[in-house]
Amino acid sequence: MKLIVAVIKPFKLNEVKEALTTAGVQGMTLTEAQGFGRQRGHSEVYRGAEYTVDFVPKLRVEVLVDDSIVGEVVDAVIRTAATGKIGDGKVWVLPVEEVARIRTGERGRDAL
Amino acid sequence: MHELLGAAVQVPYPSWLNTGDNTWQLVAATLVGLMSIPGLAVLYASIVQKKWSVNVLAMVFAGFSLTLIAWVLWTYKMGFGVPSLGHGVKLVNGVVTQTQFNDPHVGTWKHFFDNFVGKPGQIVNATSEQSQAASAANTVIPFHFPTTTLAYFQFVFAAITPLLFLGSVLGRIKFSAWCLLVVGWSTFVYAIDAFLLWGGGYFAQEGALDFSGGYVIHMSAGVSGFVAAWVLGPRLLRDRQHAIPNNLVMAAVGAGILWLGWNGFNGGDPYYSGADAAAAVVNTNLATAVGVVVWMLLDAVGTRGKKPTFLGGVNGMICGLVAITPSAGWVNGWGAMLVGLIATVIVWVAWNYLSKVRPFSKVDDALGVVYTHGIAGLAGGLMVGLFADPNMIQYGCGNLGVNGQVVNTSNAAYLATTKSCTPFSVSGLMYTGSFHQLWEQFRAAVWVILWSAVVTFILMKIIGLIVRGARYKEEILEVGDLAIHDEEAFPDEPLAERVGGGGPGAGAFALAGIGSGAPEPPPSRSPDGGSSGAGGAQ
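So the protein sequences, as listed, match chains A and B.
Quick note on the working numbering: the first sequence kicks off at 45 and runs consecutively.
Quick note on the working numbering: the second sequence kicks off at 20 and runs consecutively.
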């Protein structure tokens, strides 16, 4: 089992979600996030005072998947979240030791 | 029963009371009250950092309350009562008289101090609350409503003034220092300036004019806030460098209530619900609309980012509102638009450039009250002397009935000058070529600026001694609301767990038999329990 984490542009969420569902992902966790990479931030002006904001609003998508579809899911994220412009985000994969469904107590692949 | 029905058909009002005027005055007063709570409370609480929101709200509500209590017990009479503490304004056979005529002391300091401030006193007994208002605030027509109506209408002005300069001192002033400042300032600055300019005092007799408070309220608030901020010292460096508003949508709610509330602010000051009240309302909105558009335009062409900003629009709105306040019912619509335009350009330039020059660059006036209220109020007050249109009749002529109301009068007769009556209007330089009114406006401005500055300085020093430093320590300033009030603006329910008793929640439900039995006993806080717990761990 793997945990796939993707940080994406907020307006890409629907496309990514549909592609992941098609790839066999059963559920996901979404968090609003602020981040920066190579993309620079922006400036804001309040009452005549200028501020720079390095962090850009992003969405952090987390999905737990079986090893068999990891490649497909990562490909789906890359395919749907990309705009080709700077700031498209990142996707990474982590190994998962154990998963349990809290309601039933099922473990491992059954809990996905 | 028959008497009751009769009363329902025709309420036996006293002859001096006019229901239309009384209604409008109470509605106008309520509109102005809404400008403070929630208007200013919400506007200020949302343009400060989130960590200061609750503190701002608490200071606004406390300030409003304290001003009212002082108002009915002593300050109303100081500002609007007769007689004055000296031998100036007095009541003779129910008629307010002033001493500018037939006083051998005219032109001397004695005349000034005789007409300096009203005699303090309460207005909460039955007679005061129900008898016809008598004040030199209006000597042209008799008031058509009781003392309480006038007192409440004037109270909401007295209340909003210190709340305006809260914007200068927030983010470091102690809550206790703020409460003392509000009461002291209402007594020694507001009431005195109000009497001098409105209550029939020296400047009123000299002919200085302030329709609804460009000087007494806004310029005074701007100057006082600036001086108080200087005495207090700046906010934390981090707070100054991160002065980010927490909610622009709520800022719009507060700003919108301020704007429309101003219909009562300026529309209520003729003290009757006639044509001049309507003119004042429309002129107010015109100047404001121009202010919003002009500030946004200046932002869009004159700033580095070249973008119109919403909070800039709010600044322009306040410039327009403040600047038209001294002249709302005395200028025509063209004049109103000019006032909005000129004041907003002046304040925009001051905001962006004067703020970089001493002493402005050295004083942390947190929300810039000295610009949008101080400078806008001064500009508006002087513009009375330029643009006041003699054809804008505040009080016309005609056959006055026993109630002091005009009866059987054509519009022509209402506006006409007759042997027995000259309609009341104000004439500015543009119409008369005379600098007289401008000079009177200038003299009053100098007084209000100096008096507000000096007395605020003294008050802040005294308060600093009483509360041992008027500003919070650094470790409190770093935290803000939670350190000062044990409250935060947007509490997170899942994270909070109730400890101990207190508060009506659990207790009230337990009494009503709701909930799962008796509330759990609070964790033991007694010295025994505490030490035994610690002992058990040893």
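Rather than coming from a laboratory, the hints here were simulated on the basis of the structure.
Please read these numbers as outputs of a predicted model, since none were measured by experiment.
Careful, some of the hints might be misleading.
Not the full set, but computed from the structure, chain B residues with beta-carbon under 10 Å of chain A [claimed, not checked]: (1) Thr146; (2) Pro264; (3) Leu316; (4) Asp318; (5) Thr322.
The calculated lysine-lysine pairs, modelled on DSS-like cross-linking and capped at a C-alpha distance of 30 Å, are [to be verified]: (6) B:Lys381 x B:Lys480; (7) B:Lys492 x B:Lys325; (8) B:Lys325 x A:Lys53; (9) A:Lys129 x B:Lys492.
For each label pair, taking beta carbons as the anchor points, the in silico distance ranges come out as [claimed, not checked]: (10) A:Trp136 x B:Pro510: 33 to 39 Å; (11) B:Glu506 x A:Asp111: 27 to 33 Å; (12) B:Thr49 x A:Arg84: 47 to 53 Å; (13) B:Ser374 x A:Glu62: 48 to 54 Å; (14) A:Val137 x B:Pro523: 50 to 56 Å; (15) A:Tyr95 x B:Arg487: 34 to 40 Å; (16) A:Lys134 x B:Lys326: 28 to 34 Å.
Every residue gets a Cβ at the ideal spot worked out from N, C-alpha and C, and that includes glycine.
Starting from the hint list further up, note which numbers the structure goes against and sort them upward.
Of the numbered hints, 1, 3, 7, 9, 11 do not hold.
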